Amino acid sequence: MLKKRIKKDFSRYGGLYLLVIPVVVYYIIFHYIPMGGVLMAFEDFVPRRGIFKSDWVGLQNFITFFKSYDIWRLIRNTLRISLTNLIFGFPAPVILALLINEINNKYFKKFVQTCSYLPHFISMVILCAMVKEFVSTNGFVTQFLVDWFNIEKVSLLINKDYYVPVHVISGIWAEIGFGSIIYLAALSGIDMALYDAAAIDGAGRFKQVLHVTLPGIAPTVIIKLLLAIGGIMGVGHEKIILLYNEAIYETSDVISTYVYRKGLVSGEYSFSTAVGLFNSVINFALIMVANKISAKVSEVSLW
Amino acid sequence: MKIKKSPARIAFEVFNTLFMLFIVLITVYPMYHVVVASFSEPYQLAAHSGFLLKAYAPYEWGAYRDIFNHPLLISGFMNTVIIVVGGTALNILFTSLGAFFMSQKGPMLKGVVAVMIIITMYFGGGLVPSYMLVKNLGLMDTRWAIILPGLIGVTNLIILKTSFQAIPDSLTESALLDGASYLQIMFRIMLPLSKATIAVLVLYYALGHWNAWFSASIYLRDRGKFPLQLAVKQLLESDSKFAGDFVASKHAQLMKYGIIVVTSAPVIAIYPFLQKYFTKGVLMGSVKG
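Top line first, the protein sequences correspond to chains D and A. Note that this note's numbering has the first sequence beginning at 1, numbered continuously upward. Note that this note's numbering has the second sequence beginning at 1, numbered continuously upward.
Please keep in mind that the hints were generated in silico from the structure rather than gathered at the bench. What you are looking at is a predicted structure, and each value in this text was computed from that prediction instead of being measured. Note that the Cβ used here is the ideal one computed from N, Cα and C, for glycine as well. Each hint should be verified, as a subset may be incorrect.
[What the hints assert, rightly or not] Computed list of lysine to aspartate or glutamate pairs in EDC-like fashion (alpha-carbon distance at most 20 Å, straight line):
no., chain 1, residue 1, chain 2, residue 2
1, A, K5, D, E102
2, A, K4, D, E102
3, D, K109, A, E173
4, A, K5, D, D201
5, D, K239, D, D253
6, D, K239, D, D161
7, A, K105, D, D9
8, D, K8, A, E173
9, A, K5, D, D196
10, D, K106, A, E13
[What the hints assert, rightly or not] Using C-beta positions, here's what the derived DEER-type ranges look like:
no., chain 1, residue 1, chain 2, residue 2, range
11, D, I28, A, Y29, 48 to 56 Å
12, D, S188, A, G138, 32 to 40 Å
13, A, A180, D, A285, 15 to 23 Å
14, A, I82, D, I28, 25 to 33 Å
Go ahead and model the full structure; you've got the sequences and the hints to work with.
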């Protein structure tokens, strides 16, 4: 019976299966083989001997990491960057969207939107090059802070206390506009009749925002917030690699940059893979928890 | 009907307009600064500190001449064009194949393939295993190392699948009855009817390739193969061993600014015309598959 069904399935959809073979092969080679490759986290991996012939060391790499001085610094920095980003970077595009939404003149609105999206289209390499210039000793950001806040006139990127603000503020600069698109769309999806009804009930503009606008965009905000919380331990390496330097590892080195340096710069393959695996397990758990919470508090869920 | 505005509302609108102008100013000023600096007189610029309201005369355009003649930047640009064109074409082909399969009702193994794809959204091998794979496949120092690992973006696949699903099944069925193959259905019916979505995906994949530098930095050794962004990174990092000839130039500082202008200009210049596609992409990505 099953055999017959399989036969029928293949005779009917054979051509379709042929088309998906390249896709399946791609996923096996470029995603599933590396997933199997995490086994090297439990080995003393030597490239010459390959993954099957290297010596097994059990949890040794993890133990080394947990006992190292680095782990707390990495977790602290990762959390500090993502929490600062969550507190300041997350609300910024929401607020911008609410304010753009209040602009009456259609052309001015379009102008503000187009300008604010622009930095999103600057590549990371260039963005970081610009940031480095602007916060250098003679940069205008540094000069501004010297004039107004009386800080010392040196590059901000050699002072460990300034790394997180530079990272987060430049991120807000680059993404505030583009990030507001999704909220603007949610805002335009709110039924105008709700505003009229609220006005008839005596609600002023502010009350309307409070009782109609905010509940209207709440589902979008919640989904985005959950995604952000799920990614809290997943601070990316690209921007940090471009911005940091040895003098400020104390505050700028995060798990992903550490994985990069240990794995590809110093060649500690197994140790780096172990740290990476530790990080992805935490990321995965966080996404699951975030989704569970959202399913509880509202009907909004990531799936 | 004209409603009289309350004083509070007027105050808010004034504040809001000013705030919006401030937003425009802080987004545009850094770019203006870079452009103006790139042709300023080099010695006065070197002594300058803080905001730059206009370029120092006499204007010095030498940096641009050097940039357009710089071998690493020229080869970088050519490499990036190859990767953007070739990579995006392969991205679209593979994403279409996957999306087409997922959009069809019926095949028994559809669920298996779906799970296989979705798992990769949440879990991956990580940096070192992926690096070892590329090495073992013999792709080191080839452009394939940059193009192949990211052939399909799952979100893009879901976007395209949703778009394919909006096409009536009856079209596929009647084409099958007329003897068309699935490949023909995909190329002759599905893709032409999803042009708008394809346009969005082309933009996203192409922009991704244009901006990419990290995988090139770990997989490529040969400078002649460097894409533009990596070439720029190497040139801008003055401690880099590649930068010798560049720092020695009297336009070094101007060239920094000039490179920023030249490499950003293509995208910044075309983006406003494509803005609606980018906006569309953001919204499509947020729709659950």
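For each hint, the structure was consulted:
Using a Cα cut-off of 20 Å, the hinted pair K5 (chain A) and E102 (chain D) holds, with the two alpha carbons roughly 14 Å apart. Among the hinted pairs, K4 (chain A) with E102 (chain D) is consistent with the structure: their alpha-carbon atoms are about 16 Å apart, no more than 20 Å. Pair hint K109 (chain D) plus E173 (chain A) does not hold up; C-alpha atoms about 46 Å apart against a cutoff of 20 Å. For the hint pairing K5 (chain A) with D201 (chain D), the CA-to-CA distance comes to about 18 Å; that is within 20 Å, so the pair holds.
With a CA separation close to 11 Å, the supplied pair K239 (chain D) and D253 (chain D) stays within the 20 Å bound. For the hint pairing K239 (chain D) with D161 (chain D), the CA-to-CA distance comes to about 18 Å; that is within 20 Å, so the pair holds. Annotation: proposed proximity of K105 (chain A) to D9 (chain D) holds, straight-line Cα distance about 12 Å (limit 20 Å). A distance of roughly 17 Å separates the Cα atoms of K8 (chain D) and E173 (chain A); the hinted pair therefore holds under the 20 Å criterion.
Between K5 (chain A) and D196 (chain D), the direct Cα distance comes to roughly 16 Å. Compliance with the 20 Å bound is thereby established for this hinted pair. Restraint check: the Cα-Cα separation between K106 (chain D) and E13 (chain A) comes to about 14 Å, which is no more than 20 Å; the hinted pair holds. At roughly 49 Å, the beta carbons of I28 (chain D) and Y29 (chain A) sit within the given window of 48 to 56 Å. Between S188 (chain D) and G138 (chain A) the CB atoms are about 51 Å apart, so this pair departs from the stated range of 32 to 40 Å.
Range check, A180 (chain A) to A285 (chain D): Cβ separation about 47 Å, and the 15 to 23 Å hint is violated. Between I82 (chain A) and I28 (chain D) the Cβ separation comes to about 27 Å, which falls inside the hinted range of 25 to 33 Å.
When the structure is compared with the earlier hints, violations turn up for hints 3, 12, 13 and for no others.
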